[in-house]
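There are 2 protein chains.
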Amino acid sequence: MPRISDLGEDALVARLTSLLSSGPGVLAGPGDDCAVVEGSARGEVELLKTDCLVEGIHYRPNAMASKVGRKAVARTLSDFAAMGGWPRHLLLTIALPPDREVRWVEGLYRGMNKCAQQYECAIVGGETSSLPVGAPVVISVAATGFAKRTQLTMRSAGQRGDLLFVTGRLGGSLKGRHLTFTPRLVEARWLTEKFRVHAMMDLSDGLAMDLPRLAAASGCGFRLDRESVPRTRGVTVGQAIGDGEDYELLFALSPRSAKRLQAEWARQFSRLRLTCIGSLTDCEGPLLDGGWDHFAS
Amino acid sequence: MPRISDLGEDALVARLTSLLSSGPGVLAGPGDDCAVVEGSARGEVELLKTDCLVEGIHYRPNAMASKVGRKAVARTLSDFAAMGGWPRHLLLTIALPPDREVRWVEGLYRGMNKCAQQYECAIVGGETSSLPVGAPVVISVAATGFAKRTQLTMRSAGQRGDLLFVTGRLGGSLKGRHLTFTPRLVEARWLTEKFRVHAMMDLSDGLAMDLPRLAAASGCGFRLDRESVPRTRGVTVGQAIGDGEDYELLFALSPRSAKRLQAEWARQFSRLRLTCIGSLTDCEGPLLDGGWDHFAS
Numbered sequence: 076m077p078r079i080s081d082l083g084e085d086a087l088v089a090r091l092t093s094l095l096s097s098g099p100g101v102l103a104g105p106g107d108d109c110a111v112v113e114g115s116a117r118g119e120v121e122l123l124k125t126d127c128l129v130e131g132i133h134y135r136p137n138a139m140a141s142k143v144g145r146k147a148v149a150r151t152l153s154d155f156a157a158m159g160g161w162p163r164h165l166l167l168t169i170a171l172p173p174d175r176e177v178r179w180v181e182g183l184y185r186g187m188n189k190c191a192q193q194y195e196c197a198i199v200g201g202e203t204s205s206l207p208v209g210a211p212v213v214i215s216v217a218a219t220g221f222a223k224r225t226q227l228t229m230r231s232a233g234q235r236g237d238l239l240f241v242t243g244r245l246g247g248s249l250k251g252r253h254l255t256f257t258p259r260l261v262e263a264r265w266l267t268e269k270f271r272v273h274a275m276m277d278l279s280d281g282l283a284m285d286l287p288r289l290a291a292a293s294g295c296g297f298r299l300d301r302e303s304v305p306r307t308r309g310v311t312v313g314q315a316i317g318d319g320e321d322y323e324l325l326f327a328l329s330p331r332s333a334k335r336l337q338a339e340w341a342r343q344f345s346r347l348r349l350t351c352i353g354s355l356t357d358c359e360g361p362l363l364d365g366g367w368d369h370f371a372s
Numbered sequence: 076m077p078r079i080s081d082l083g084e085d086a087l088v089a090r091l092t093s094l095l096s097s098g099p100g101v102l103a104g105p106g107d108d109c110a111v112v113e114g115s116a117r118g119e120v121e122l123l124k125t126d127c128l129v130e131g132i133h134y135r136p137n138a139m140a141s142k143v144g145r146k147a148v149a150r151t152l153s154d155f156a157a158m159g160g161w162p163r164h165l166l167l168t169i170a171l172p173p174d175r176e177v178r179w180v181e182g183l184y185r186g187m188n189k190c191a192q193q194y195e196c197a198i199v200g201g202e203t204s205s206l207p208v209g210a211p212v213v214i215s216v217a218a219t220g221f222a223k224r225t226q227l228t229m230r231s232a233g234q235r236g237d238l239l240f241v242t243g244r245l246g247g248s249l250k251g252r253h254l255t256f257t258p259r260l261v262e263a264r265w266l267t268e269k270f271r272v273h274a275m276m277d278l279s280d281g282l283a284m285d286l287p288r289l290a291a292a293s294g295c296g297f298r299l300d301r302e303s304v305p306r307t308r309g310v311t312v313g314q315a316i317g318d319g320e321d322y323e324l325l326f327a328l329s330p331r332s333a334k335r336l337q338a339e340w341a342r343q344f345s346r347l348r349l350t351c352i353g354s355l356t357d358c359e360g361p362l363l364d365g366g367w368d369h370f371a372s
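Line by line, the protein sequences give chains A and B.
Residue numbering for the first sequence follows the numbering used here, starting at 76 and increasing by one per position.
Residue numbering for the second sequence follows the numbering used here, starting at 76 and increasing by one per position.
Extracted from the complex, chain A is given alone in its bound form (with noise of 0.2 Å):
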């Protein structure tokens, strides 16, 4: 009988989602950043994600509890940015064993509510559960969202030709950044008021996994520079590209849009970096190692 590392994440995902039906108001299941179901107010849609962390694979035992509970619900927030949306709403999971301080779970509450307030969103509901002593913490934060239908971007309408931009830098996240990253909500907002961006989506497997995905989306092969790719300092360039949890933004947008582009995100983020790394092209891209794949063997 096959076991789940014998298939790998994304082969385990595309058979799941196989099996699942659509229903009335679905303009986009998943399959993207964020699902896009028929909106609220007039030109917009709702967006909706779910997220999880676990002890001991995105965070360590020992992490400070404000900063594991504002990763989580950063993460969630970062897929809203990564459609050109905004969060609104979150729900919060959380499953743990009795034995646990109350001390921590009060921690992790105000690290997810002090971040969910600086997005100007709230958390309206949540469920604890318990779990035998001894199991991981499970940490799942669900949200939803909306998007102006003028700016929604999908990771599947990237064209041939178009450039590849990555925000910040890449790698070593692993040293603390993964507990204290920025979600690009901003930066996101303003890219797409002033940019039609193709497509976008936020890196959180590493480039490595990430960008084949969001090529293959939108039915492209990709050339990727990698020595242009904009690295943490003290990384290697394959540690930019394999690493993950960078959190940061690739997006794709026509090379014509891309002088202008640079000007004014110059002007307007001056102390965020904005680096293109490649494009999309007719051919299937090249092999990248490394990226995170949750259920690899």
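Hints in this document: simulated from the structure, not taken from any laboratory.
Among the hints, a few may not be true.
The list treats identical chains as one, so a pair stands whether inside a single copy or across any two.
What the hints assert, rightly or not - Within a straight-line C-alpha distance of at most 20 Å, the following computed SDA-like cross-link-like pairs (lysine to any residue) qualify:
#1 189 <-> 99
#2 223 <-> 131
#3 189 <-> 98
#4 142 <-> 185
#5 189 <-> 89
#6 142 <-> 189
These numbers were taken from a predicted model, which means no experiment stands behind them.
On the provided structure of chain A, position chain B as indicated by the hints.
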């Protein structure tokens, strides 16, 4: 340092939710079966809910995967019934060890999808994450839905003198019904369309835990006529009150409406019992034995 097991579930939840800030558009945050936020269509509110299952706690490891999936979805749907609402879109989070058989996860998804379809809602996204080998599977289902403002039923608007009703029969759910119960969506819709139900909830942790919660949320005490509690065949009164996982509706309604309710219910749902089990009062209710506290030592 106090641990979660020292507090118990309700005290923990009260402590945690006091740490959360409200936000724009939030009509009711944590504390009811669903959160209530400003809604999409005119005359409607949006409902939000998350719930979870843990292997070995909410189902036996050898339970059939499709039934586990069905239960995970049906539990969340039951909370929409409890508000007089209807679910719309679902998000799944599944954390599981990589040595789990693919066939098991597919069975789980099939069960979840079938249950969602049955109630005309759709699973629009999901997240799968790996756990260390040996850790129990955690399944979380978050959902959005809606209620007409005129049919929205909270726990908190029960009135002294209201009669208390339950649907179906209680107790003995662990023999199998906890996997196969019917979320009372159709019944709740009919009920809130035809009658002014003051307060309602679904019975998940047992009457012994849930009835005092509904009474307290309404600022009332309660009287329970123990002998009237409708029992599953072969179950004692104590078990019917304390077992939990019934997912029947408990609701409060003015005595003036009770007679018409009982007559019309019998015509509409001839195969589902409706029983008056007591009333909301001025005085504190009695202490009831049993019920399910997730974090009790």
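Against the structure, the hints come out as follows:
no.: 1; hint: 189 <-> 99; in the structure: between (35 Å within a copy, 15 Å between copies)
no.: 2; hint: 223 <-> 131; in the structure: neither (38 Å within a copy, 44 Å between copies)
no.: 3; hint: 189 <-> 98; in the structure: between (35 Å within a copy, 12 Å between copies)
no.: 4; hint: 142 <-> 185; in the structure: within (9 Å within a copy, 36 Å between copies)
no.: 5; hint: 189 <-> 89; in the structure: between (35 Å within a copy, 18 Å between copies)
no.: 6; hint: 142 <-> 189; in the structure: within (10 Å within a copy, 38 Å between copies)
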